[in-house]
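Please take these sequences and the hints and turn them into a complete structure.
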Amino acid sequence: MEPDSQQRSFSIKLWPPSQNTRQTLVERMTNNLTTKSLFTQKYGTLDREEAEENAKRIEDVAFATANLHYEKEPDGDGGSAVQLYAKECSKLLLDVLKRGPGRKEDEVVTSSHTTTPHESVFDISKGKRAFIEADEAHELLSPLKDPGNSFTKICFSNRSFGIGAAQVAEPILTSLKDQLREVDLSDFIAGRPEAEALDVMKIFSSALEGSVLNSLNLSDNALGEKGVRAFGALLKSQKCLEELYLMNDGISKEAAGAVCELIPFTEKLKVLHFHNNMTGDEGALAIAEVVKRSPSLEDFRCSSTRIGTEGGVALCDALGNCTHLKKLDLRDNMLGTEGGVSLSKALSKHTELREVYLSYLNLADDGAIAIVDALKESAPQLEVLELSGNDITADAAPAIAACIAAKQFLSKLNLSENELKDEGANLISKAIEGHGQLKEVDISANQITRNGARQLAVTVVQKDDFKHLNINGNFISEEGIEELTDIFKSSPDVLGPLDENDPDGEDIDEESEEGDADELESKMKNLAVD
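At position 275 of the sequence shown the residue is numbered 274 (numbering that gives the first Met the number 0), and the sequence of numbers has no breaks.
Treat the hints loosely; a few may be bogus.
[What the hints assert, rightly or not] Listed next, with one range per pair, are the computed distances between beta-carbon atoms:
id, residue 1, residue 2, range
1, Ala133, Asp492, 50 to 56 Å
2, Asn450, Asp492, 21 to 27 Å
3, Gly147, Ala85, 24 to 30 Å
4, Thr484, Ala85, 47 to 53 Å
Calculated from the structure, these hints are not laboratory results. Yeah, the Cβ is synthetic: ideal placement off N, Cα and C, and Gly gets one too.
This is the structure:
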């Protein structure tokens, strides 16, 4: 007998790459387009948004090209497809680098190999918002019925489905669900009566139940608890979900509880967005449970959700489990100082953070100091820091400046609508002196006068790639405005408008004001009437 090792044959498939591998490649290409190198020194670096847009497009085109090649050799291990994928990415990346910043809308990344690529995205969201009934649905969805189609993503957003249209879509989606990976059903029942909307959601949920989705978007549907439960069959069947969007969905505390109950498999979840809901503290406790079960989370958005200190503390504690977090957005909640301190403990574990949005959280000095102290020791790759509207005074400025000074990759800083004054502005100016990748600074509405504004202007005007300084809404004198205009005479577009500046504004010293009142009271006591 032959040895077992000779009897068995092993086959390792190299294609297709995992979603995580594809995303990692996009991030790597984005960094190549935004950091200094021989090419970027010669042709210029792209800003983060433009670079990421190009990187995603490059990866999509390269993947489509390699996938088309792989379909011609299905019995192979995918090795040649991987080589072509890498080659195409390199070629297209070089094209973008040579083209430099400022991509025109008509300049599209293309591959010489993509002669007749199969379409992978079916999107009916373009054009005006409209109702869809059965007759139109038959025509509109007909491409999905083509034998052998390669659609892996569908987007039905911006079209309102009635019962008839949903019944037309049901068998089509049922036949496609094994190949679908991304489903966007955001804003697809607008204007429908509640009973009809719930029936439509149940039809779609049933049709897609058992699909293996990477991404699901149910935003802008005013779901509430009833809507969440209408999608129960679909939600409970998802075991590989990496992205879930539930924004502007009327997620109350009851709906949040339903989400926690109906999404038991969150181990692979990387993106979770809950923006603009009425979750509140009790709802936040339920969302915290979802977060706690999501150790792979990279992008968490829970902004404008009416969360206070109790729910905020629970949510922040849960975020401590998400050590791979890269983007965090908790804006416009009322976490308070206690919530800020709790968040700081979680942030100390987040070494991969790139973007942090913590505006309008009522942090005050103590909460802000706790957070920036934690960020200073973690998040070495931090690119975006927003702490606007948090009642932060100059007392917290040294801690903020120390954190900023340690973040050499910082590209955007927003400290607007606080009370940093000239003292804080001067410390911030000093902290950003050596930051070559800084593109935007917003320190508007901070009671800054001519001195603080001048220091900021002199610091940022020397940066080659700097794009925008916002110091509007401060107390800069007319002479100060003239001085700023002169500083930016070679790059006037960099300086933002100053139409809300108050040249007559004063820095009112409360202690001095109280002293004047005491002196006046003393004089009044000694006042005699002859």
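Hints, verified against the model:
no., hint, verdict
1, Ala133 x Asp492: 50 to 56 Å, "holds, 52 Å"
2, Asn450 x Asp492: 21 to 27 Å, "holds, 24 Å"
3, Gly147 x Ala85: 24 to 30 Å, "holds, 28 Å"
4, Thr484 x Ala85: 47 to 53 Å, "holds, 50 Å"
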